[in-house]
Amino acid sequence: MTRGTGASPLLVMADIVKRFPGVVALRGVDLEVRPGEVHCLLGQNGAGKSTLIKVLAGVHSPDEGRISWNGNDIQLSHPQAAMDLGIATIYQELDLVEGLTVAENIYLGHEKTRFGFSRRAEASRATAALLARLGHPEISPSAEVGSLSAAGQQIVSMARALSRDARLIVMDEPSAVLDSGEVQRLFKVIRDLTADGVAVIYISHRLEEIRTIGDRVTVLKDGATVATGLEARETPTAEIIRLMTGRAIEYVFPPRPGVPDGDPLLSVVGLARAGEFSDISFDVRPGEVLGLAGLVGAGRSEIVETVFGARKADRGTVSVAGRTLRPGSVDAAVRAGVGLCPEERKSQALLLGDSVARNISLASLARFGRAGFLGSDGERRAAEEQVKALDVRPGKVDAEMRTLSGGNQQKVVLARWLLRDCKVLLLDEPTRGVDVGARSEIYALVRRLADSGVAVVVVSSEIEEVLGLSDRVLVIGEGSLLHEGPSPEIDEHGVLDIIMRGDAA
Amino acid sequence: MSVDATAQNGAPGRSGSPVPDPDRQQTVAPEATHQSRFTALLASSFGRNLGLVIALVLLCVVGLATAGDRFGTFDNAMTILRLASVIGVISVGMTFVISGGGIDLSVGAIVALGSVWATTVATQAMAADVHWIVMVFTAVLVGAACGLVNGVLIAYGRIAPFIVTLAMLAAARGLAEIIAKRRTQIITDRDFIDFFNGNVMGVPVLVIMFALAAVVGWLLLNRTTFGRRTLAVGGNPEAARLAGIKVQRQTAYLYILLGVACGIAAVMIMARTTTGSSTHGQLYELDSIAAVVIGGTLLSGGRGTIVGTVFGVLIFTTLTNVFTLNDLDTSTQAVAKGAIIIAAVLLQQRVAGRSHKT
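The listed protein sequences derive, respectively, from chains A and B.
Take any residue in the first sequence, note its place counting from 1, add 9, and you have its number in this note's numbering.
Take any residue in the second sequence, note its place counting from 1, add 86, and you have its number in this note's numbering.
By construction, these hints were calculated from the structure, which means they are not laboratory data.
Do not take every clue at face value.
Unchecked claim - Below, simulated BS3-like cross-link-like pairs (lysine-lysine); rule was C-alpha separation at most 25 Å, straight line:
| id | chain 1 | residue 1 | chain 2 | residue 2 |
| --- | --- | --- | --- | --- |
| 1 | A | K432 | B | K332 |
| 2 | A | K321 | B | K332 |
| 3 | A | K63 | A | K230 |
| 4 | A | K355 | B | K332 |
Since the model is a prediction, treat every value here as computed from it, not as a measurement.
Let the hints inform the model, and build the full structure from the sequences given.
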């Protein structure tokens with residue numbers, strides 16, 4: 010019952026190219042959506058899905074390529090242009106104003122007015138009608154959006170899309186915040202919409218959902234379309250995974266010398282945080298690199314931040330060299346010799362306006378203080394040593410942090426913990442925003458650290474990176490540990506297969 | 087893109103094309119370094135302070151031109167410094183709170199409460215029995231206690247500094263009024279008054295106290311782990327936390343530090359007026375915040391300058407002095423102050439914007 014077969018396409022995107030400074034995010038994407046179909050967009054993290062939907066929403070203008078709507082070429086120069094055409098986007102991070110009511114949110118930006126006065130009664134009536142259409146008449150138009158559940162907010166977001174007479178609704182992982190009952194209701198809403206001729210672009214990592222609701226599938230890889238118009242129900246899983254993987258790798262991973270026997274340095278037992286992850290246990294020995302693989306939002310960053318004490322565990326223990334750390338205390342973790350290079354380097358790790366030296370010494374200030382006074386020489390010399398050892402460029406410790414490239418900023422964060430003689434290093438997305446050349450350097454550095462007896466935990470959305478860099482890998486999906494095993498014994502297909510099936514192998 | 091360019095410029099020896107390099111350096115270098123040296127100077131702390139020095143010098147020129155005979159005397163200079171000293175000590179403390187990412191609106195009220203508490207009949211009686219130092223301790227303790235309450239509520243209670251200190255502004259002055267029953271309390275201890283109103287080698291004790299506060303503040307901010315942690319907490323609290331710095335404790339310390347500064351300022355104003363009163367310290371929060379901000383400390387935190395703050399205080403006090411000598415009313419002064427604050431912040435943003443781009 011594939012809908013819209015044979016109908017002329019509603020939307021055609023051809024050869025879309027989008028460049029950002031230093032990166033090509035999209036290098037030739039084709040997408041064709043028919044009225045009344047559910048078109049699924051698949052691809053790994055970084056394949057270009059987000060950029061593509063932002064182009065479609067008028068947030069980014071493409072550098073090359075053609076977009077046509079109902080057969081006419083169009084320019085989506087700003088978000089309003091897309092909305093006027095009837096393209097509505099429901100982002101993953103819902104963009105609702107929590108302090109406003111449901112009705113106010115739905116008509117935000119296109120309020121029902123007369124002579125400049127808002128017509129609240131009419132907006133309220135129209136909102137109630139929309140919510141009823143979506144099968145949620147129980148949501149009150151005058152309820153404050155902040156008081157609704159995540160699923161309720163999703164519905165409001167969808168009602169907002171409908172209020173603009175959307176012909177095409179883009180849903181970016183709408184099921185991520187929903188439980189299975191809510192997902193079923195969402196599917197019913199989608200079916201009603203498509204029956205009315207509305208097209209839906211549906212992004213999800215759950216293959217099972219795509220099989221249930223999707224009509225056709227387009228697969229993106231490395232910013233390009235690798236397959237389009239696949240049958241959502243019949244295309245074999247193996248085929249889809251094959252299309253998504255096999256990215257051209259341009260970097261070399263250092264060889265694994267093998268992990269020396271020894272007692273675990275870092276032990277995590279039964280770690281859990283409500284709504285984020287549950288029952289995570291693992292050990293890391295000195296000299297070992299443990300990888301955490303999984304998709305964005307699987308809970309990997311939350312796990313390492315909890316190990317570090319930056320989030321407080323609801324249950325479970327973290328111990329370093331046999332001694333249990335006080336939960337929720339960064340201080341305890343740091344004193345036990347644990348260091349974290351966080352995911353968001355700029356907002357979580359760096360003092361951008363300060364010098365390289367000050368950024369390096371930040372975690373070791375007490376060491377340079379004599380009765381609280383900083384002898385500037387010792388600090389500077391130590392920073393210079395680290396800068397030389399890690400080959401941070403430019404090699405000046407007085408350089409302002411923000412002038413460094415991503416790779417060199419990452420090295421500075423590493424240097425901060427090396428200076429502190431860390432025994433356990435947690436690296437969250439260590440190569441995000443790092444160019445190809447610097448990547449191999451960081452890989453070599455991580456391996457060198459492990460060889461010197463440090464226990465390393467690496468989190469990365471790039472499955473190949475996790476597998477190539479680590480000795481052992483944990484696969485995390487939706488907050489649960491799905492698989493644990495030696496990295497050389499599993500490949501990218503295997504990992505994706507485990508994640509997309511969503512249950513323990 | 088600009089990042090790459092700077093990185094390459096920073097290490098020209100590393101770039102892959104050694105042949106044209108020496109050439110380019112020879113031909114382009116003089117002009118380029120001249121230009122960059124100038125902008126670097128403007129952006130450096132010395133450059134920013136230079137702007138403040140120029141502003142102060144201009145003010146003095148205006149003072150000399152309009153009221154030369156009365157302005158340009160040693161006595162007048164000491165008058166300016168004496169006037170500057172009370173707000174100066176508070177501003178040094180305020181520099182820490184602001185560069186640590188906070189704000190304190192309650193300083194004036196804390197000064198009032200400190201001055202009243204230290205001059206009650208009971209405190210003065212005890213001071214008469216023991217030593218006038220009792221009054222000093224009382225004022226400082228009251229200031230520290232108010233700072234502690236502010237700091238704990240902000241750091242551990244996670245309430246916005248603006249709200250907490252606004253509440254303290256109301257509460258502390260109210261408490262001062264209750265204690266003093268809205269009466270001015272005269273200080274009877276001559277030794278106390280004589281000591282703080284005295285001179286050491288021609289320099290008033292109050293001015294020496296201001297200078298000491300500035301020196302201690304400068305050392306604390308620039309040469310200690312405490313200062314470094316302050317700037318880290320103000321610049322990026324999350325990064326500071328993840329680097330193992332106790333952000334909450336540090337934040338609390340900053341408000342206590344400012345509370346102590348307010349206590350000292352209370353002692354100074356008690357000596358200057360020979361009274362304790364619930365009306366002391368009116369609008370000190372505005373004066374001190376203004377001085378700190380025009381000095382170049384970032385209101386958003388992460389960068390602070392004690393030298394700039396001292397200049398900020400001196401500029402405002404000199405302005406008041408020049409206006410007073412010319413018989414201009416306080417309303418005109420207020421307008422001029424407002425204009426100076428905006429001009430200084432605009433200038434600051436330009437400089438900050440430039441360093442963001444490079």
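Review point. Against which earlier hints does the structure fall short, listed by number upward?
Key: none
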